[in-house]
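Visitor: One-letter residues, chain by chain:
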Amino acid sequence: MATKSGRTIIAEQKFSWKIFFLKWEWLLVILFIGINLMNANLSQYYLSGEGLLNATNSFLEKAFVALPMAYILVLGDIDISVGSTACLSAVMLAYCYNLGVPMGACVLICLLTGTICGAVNGLILTRFTELAPMIVTLGTQILFRGIAEAMLGDEARGGLSTVKWFSDLYWGKLGIVPIMLLCFIICAAVFAFVLHKTCFGRRLYAIGANKLAAEYAGIKVQQIRMIVFTLTGTFAAVTAVFLAARMGSTRADIATGYEMEAIAMAVLGGFSTDGGKGNFPGLVLAIFIVGMLRYGLGLINIPSQLMLVVIGALLIVTVMLPNIRSMVKIQKKAA
Amino acid sequence: MEKKKFDWKAITSSREMSLVIVLILLCAFVQIRNQSFLTGGTMEEMFRNYAVTFILALGMMCVLLTGGIDISIGSTLAFSGMAAALLMRDYVISTPVSFLVSIAIGAGLGLVIGLVISKGKVPPIVCTLGFMNIYRGLTYLIAHSQWVAAYQFTDSFKNFALTKYLGLGLVNNMIAVTIYIYIIFYIVMKWTTVGRRVYAVGSNAEAAAVSGINIDNVKIGVYTLMGLLCGLGGALWTSLYKSAQGDMATGIEMDVIAACVVGGVSLTGGRGSVVGVMLGSLTIAIIGKALPLIGVSQFWQNGIKGLIILAAVILNVLAQRTMDKNNLKRREM
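Chains as they are written, first to last, in the working numbering: chain R, 18 to 352; chain D, 2 to 334.
No lab work stands behind these hints: they were computed from the structure.
Misleading hints may appear alongside valid ones.
Each computed DSSO-like pair below joins lysine-lysine, with the alpha-carbon atoms no more than 27 Å apart [to be verified]:
#	chain 1	residue 1	chain 2	residue 2
1	R	Lys294	D	Lys120
2	R	Lys237	R	Lys294
3	R	Lys181	R	Lys228
4	D	Lys243	R	Lys346
5	D	Lys159	D	Lys326
6	R	Lys349	D	Lys326
7	D	Lys165	R	Lys349
8	R	Lys181	R	Lys40
9	D	Lys120	R	Lys346
10	R	Lys294	R	Lys40
11	D	Lys122	R	Lys294
12	R	Lys181	R	Lys214
13	D	Lys122	R	Lys228
14	D	Lys159	D	Lys243
15	R	Lys40	D	Lys122
16	R	Lys346	R	Lys40
17	R	Lys214	R	Lys40
18	R	Lys350	D	Lys330
19	R	Lys40	R	Lys349
20	R	Lys228	R	Lys214
21	R	Lys346	R	Lys294
22	D	Lys165	R	Lys228
23	D	Lys290	D	Lys165
24	D	Lys290	R	Lys237
25	R	Lys40	D	Lys165
26	R	Lys294	R	Lys350
27	R	Lys350	D	Lys326
Selected chain D positions facing chain R (Cβ under 7 Å, derived; list incomplete) [to be verified]:
#	residue
28	Ile25
29	Leu163
30	Ala286
31	Gly289
32	Lys290
FRET-style restraints, in silico, Cβ to Cβ [claimed, not checked]:
#	chain 1	residue 1	chain 2	residue 2	range
33	D	Gly296	R	Cys204	30 to 36 Å
34	R	Ser266	D	Lys122	57 to 63 Å
35	D	Leu142	R	Gly192	38 to 44 Å
36	D	Leu319	R	Asn227	45 to 51 Å
37	R	Leu229	D	Glu333	22 to 28 Å
38	D	Leu142	R	Val211	38 to 44 Å
39	R	Val211	D	Gly289	40 to 46 Å
40	R	Cys204	D	Trp148	56 to 62 Å
Glycine included, every Cβ here is placed at the ideal spot set by N, Cα and C.
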């Protein structure tokens with residue numbers, strides 16, 4: 018429709034193949050295919066259906082926390098306490114189990130612990146909006162880890178694997194599909210739906226793009242932040258459940274550095290730490306890129322230290338590439 | 002030791018004054034519980050062990066002032082310290098040379114980070130997150146996952162952390178280096194163009210750019226400086242603990258950021274002072290040193306540390322709010 022000034026406002030962008038193929042996700046798709054080709058070359062056993070499905074088990078438990086982390090990044094916030102939250106939840110689970118609480122209740126306690134941790138973050142951040150989320154979650158990171166340490170000291174609490182259904186959460190399969198993969202697909206689908214197709218999701222983008230404008234538009238910014246931070250705590254606890262199921266025991270130093278992995282996955286998937294950007298297909302692709310890369314490098318016995326270097330470099334280069342492209346474009350225009 | 006030197010300055014600012022009061026109360030409480038706390042020996046040990054945190058907090062302050070953040074400092078420290086230690090093991094270089102090598106390597110690593118952030122337009126937290134992994138991985142790789150143990154260092158290097166020749170015979174070398182750096186930073190940040198430019202970029206980047214400050218250069222500068230201090234920290238660290246390990250200084254970034262924030266440095270940039278950073282580092286050091294002294298189990302330390310950091314930042318906000326309210330009231334009258 019034409020306005021008075023003669024400018025036209027197009028509500029929906031016209032479909033253009035050029036824009037479609039210049040999307041960030043294609044870079045990820047290419048990376049993903051490349052990594053899988055490399056892995057297939059490295060090991061002849063890699064490209065079997067069952068092998069691929071099993072490979073997902075090696076990294077997916079961390080991916081659960083990357084889902085709400087994406088929400089937090091959309092808001093323009095950050096949460097670096099998720100690793101400690103996961104640790105405290107797992108410690109709580111094992112602690113209660115060793116006290117004789119039935120496993121079902123333990124899992125609930127674990128989820129509750131995570132939710133409370135998230136709510137603490139949310140409460141502090143929404144009550145004291147002047148505080149940067151980085152520093153609050155840094156404080157709670159140390160605090161939650163500290164509580165876990167105070168509970169267990171340097172001991173380990175084990176015996177979790179004696180409960181069949183619990184260890185099946187990680188090790189079990191429905192047919193040939195691992196249960197954890199199923200859970201992840203369901204969770205990712207729900208998260209993607211909420212972010213992209215509901216009012217709540219659009220509000221997240223609105224807040225991330227311009228917090229003040231969102232507030233003036235009647236969005237309850239602090240309430241939404243509270244919900245998202247609490248949700249992150251809950252999903253850190255979900256990660257904790259799978260982690261505990263995998264290891265069958267917990268210590269106070271598990272899940273160290275998970276926050277960084279979750280942030281790295283989300284950023285690689287196109288979510289900007291400035292907020293308001295990113296989408297879920299990218300995130301899921303990024304999760305599988307990082308995971309498959311680790312798995313593949315593990316197949317040929319690359320030392321884990323070199324893996325650190327590769328993944329760090331991958332993160333920086335992929336984030337930098339589009340910037341360099343736009344920089345070259347600007348320079349061309351100027352010339 | 003440094004506290005006395007700058008105390009009269011701190012009085013001028015109430016924000017720092019409140020921190021001083023908290024610190025005094027904290028010290029008094031610990032002193033009542035354990036008489037050995039406020040003695041020369043304990044204090045010297047505390048400052049020696051936390052010298053690296055003190056020094057890194059200054060670099061972190063500059064980074065935070067420009068609105069950035071650097072979480073790769075532990076890895077940068079480890080890489081430069083390890084590289085210098087390996088050189089000492091294989092080629093027996095002298096102590097000053099090994100310090101210079103470590104500093105140069107650290108500055109180089111910091112320069113790379115600065116270039117990626119300013120020219121590559123990568124958000125600081127993402128960039129340093131990546132380099133945290135890269136540098137840590139490289140540290141293990143250059144050392145082949147081995148340690149450099151005490152017997153592989155020269156005696157003069159090992160003795161550096163024990164002797165007092167840089168401190169004019171008064172204070173330990175580690176502490177002396179810290180004091181010198183604090184004096185330099187105090188002067189530079191307060192009274193020179195370079196220092197004021199860092200503040201300018203942080204408080205309003207656009208205005209700074211319009212007034213002719215090259216923002217990219219300032220950013221590259223602060224990250225290089227951060228790397229340089231990390232390199233120095235790496236050398237100090239290896240000389241203090243007489244060994245270089247691949248996992249040294251893991252997690253020190255959290256201590257350092259906490260020190261800055263407790264000291265009143267704003268994470269959004271433009272706000273913070275050398276005195277505040279010193280007090281913040283002092284808080285972290287006292288917590289770390291005092292808790293074992295009053296019989297707190299080491300497993301409780303992190304919990305208490307987290308609580309104190311949270312309490313400090315929340316109190317800071319509350320104080321700021323009352324201050325703003327009072328200012329408003331005064332204007333109304």
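Visitor: So, for every hint listed, does it hold in this structure?
Guide: So, going through the hints one by one against the coordinates:
Between the alpha carbons of Lys294(R) and Lys120(D) the distance comes to roughly 21 Å, so the proposed pair stays at or under 27 Å and holds. A C-alpha spacing of about 20 Å is found between Lys237(R) and Lys294(R), which places the hinted pair at or below 27 Å, so the restraint holds. With a C-alpha separation of about 47 Å, the suggested pair Lys181(R) and Lys228(R) falls outside the 27 Å cut-off, and the hint is violated. Only pairs whose Cα atoms come within 27 Å are accepted, and Lys243(D) paired with Lys346(R) is rejected, the gap being roughly 52 Å.
Our distance criterion of 27 Å between C-alpha atoms is broken by Lys159(D) and Lys326(D), whose separation comes to about 54 Å. Restraint check: the Cα-Cα separation between Lys349(R) and Lys326(D) comes to about 52 Å, which exceeds 27 Å; the hinted pair is violated. Distance restraint check for Lys165(D) and Lys349(R): the Cα-Cα separation of roughly 59 Å exceeds the 27 Å cut-off, and the hinted pair is therefore not satisfied. Proximity of Lys181(R) to Lys40(R) is assessed by CA-CA distance (about 45 Å); at most 27 Å being required, the pair is judged violated.
Annotation: proposed proximity of Lys120(D) to Lys346(R) holds, straight-line Cα distance about 14 Å (limit 27 Å). At most 27 Å may separate the alpha-carbon atoms for a hinted pair to count; Lys294(R) and Lys40(R) meet this at roughly 13 Å. The suggested pairing of Lys122(D) with Lys294(R) holds, with an alpha-carbon distance near 16 Å, which does not exceed 27 Å. With a C-alpha separation of about 38 Å, the suggested pair Lys181(R) and Lys214(R) falls outside the 27 Å cut-off, and the hint is violated.
Under the criterion of a C-alpha separation no larger than 27 Å, the hint pairing Lys122(D) with Lys228(R) is consistent with the structure, at around 23 Å. Pair hint Lys159(D) plus Lys243(D) holds up; C-alpha atoms about 6 Å apart against a cutoff of 27 Å. Straight-line distance between C-alpha atoms of Lys40(R) and Lys122(D) comes to about 18 Å, which keeps the hinted pair within the 27 Å bound. The straight-line distance between the Cα atoms of Lys346(R) and Lys40(R) is roughly 16 Å, inside the 27 Å bound, and the hint therefore holds.
Proximity of Lys214(R) to Lys40(R) is assessed by CA-CA distance (about 20 Å); at most 27 Å being required, the pair is judged to hold. As the CA atoms of Lys350(R) and Lys330(D) are separated by approximately 54 Å, the hinted pair breaks the 27 Å bound. For a cut-off of 27 Å, the pair hint linking Lys40(R) to Lys349(R) stands: about 21 Å separates their Cα positions. Distance check on the hinted pair: Lys228(R) and Lys214(R) sit about 20 Å apart at the alpha-carbon level, within 27 Å; holds.
Among the hinted pairs, Lys346(R) with Lys294(R) is consistent with the structure: their alpha-carbon atoms are about 21 Å apart, no more than 27 Å. Restraint check: the Cα-Cα separation between Lys165(D) and Lys228(R) comes to about 54 Å, which exceeds 27 Å; the hinted pair is violated. For a cut-off of 27 Å, the pair hint linking Lys290(D) to Lys165(D) stands: about 22 Å separates their Cα positions. Taking the CA atoms of Lys290(D) and Lys237(R), the gap is about 44 Å. The hint is violated against a cut of 27 Å.
Taking the CA atoms of Lys40(R) and Lys165(D), the gap is near 60 Å; set against the 27 Å cutoff, the hint is violated. A threshold of 27 Å between alpha carbons decides the hint, and for Lys294(R) with Lys350(R) the separation of about 26 Å falls inside it, so the pair holds. Among the hinted pairs, Lys350(R) with Lys326(D) is inconsistent with the structure: their alpha-carbon atoms are about 50 Å apart, more than 27 Å. Restraint check, Ile25(D) versus chain R: the minimum CB separation of about 23 Å is more than 7 Å; hint violated.
Interface hint status for Leu163(D): violated, as the beta-carbon distance to the closest one in chain R is roughly 31 Å, over 7 Å. Hint on Ala286(D) is violated. Least Cβ distance to chain R is approximately 15 Å, over the 7 Å limit. Using the Cβ-Cβ criterion of 7 Å, the hint placing Gly289(D) at the interface with chain R is not satisfied: the shortest such distance is roughly 12 Å. Look at Lys290(D): its Cβ only gets to about 17 Å from chain R, farther than 7 Å, so that hint breaks.
About 45 Å separates the C-beta atoms of Gly296(D) and Cys204(R), a value inconsistent with the hinted range of 30 to 36 Å. At about 44 Å, the CB distance of Ser266(R) to Lys122(D) disagrees with the hint of 57 to 63 Å. Separation of Leu142(D) from Gly192(R) is about 42 Å and conforms to the stated range, judged on CB atoms against 38 to 44 Å. Taking the beta carbon of each, Leu319(D) and Asn227(R) are about 28 Å apart, not inside 45 to 51 Å as hinted.
For Leu229(R) and Glu333(D), the Cβ-Cβ distance of about 26 Å falls inside the hinted range of 22 to 28 Å, so the restraint holds. A beta carbon spacing of about 42 Å between Leu142(D) and Val211(R) agrees with the range 38 to 44 Å that was offered as a hint. The supplied range of 40 to 46 Å is met by Val211(R) and Gly289(D), whose beta-carbon atoms lie about 43 Å from each other. For Cys204(R) paired with Trp148(D), a C-beta distance near 43 Å fails the hint of 56 to 62 Å.
Checked against the numbered hints given earlier, this structure breaks hints 3, 4, 5, 6, 7, 8, 12, 18, 22, 24, 25, 27, 28, 29, 30, 31, 32, 33, 34, 36, 40; the rest are met.
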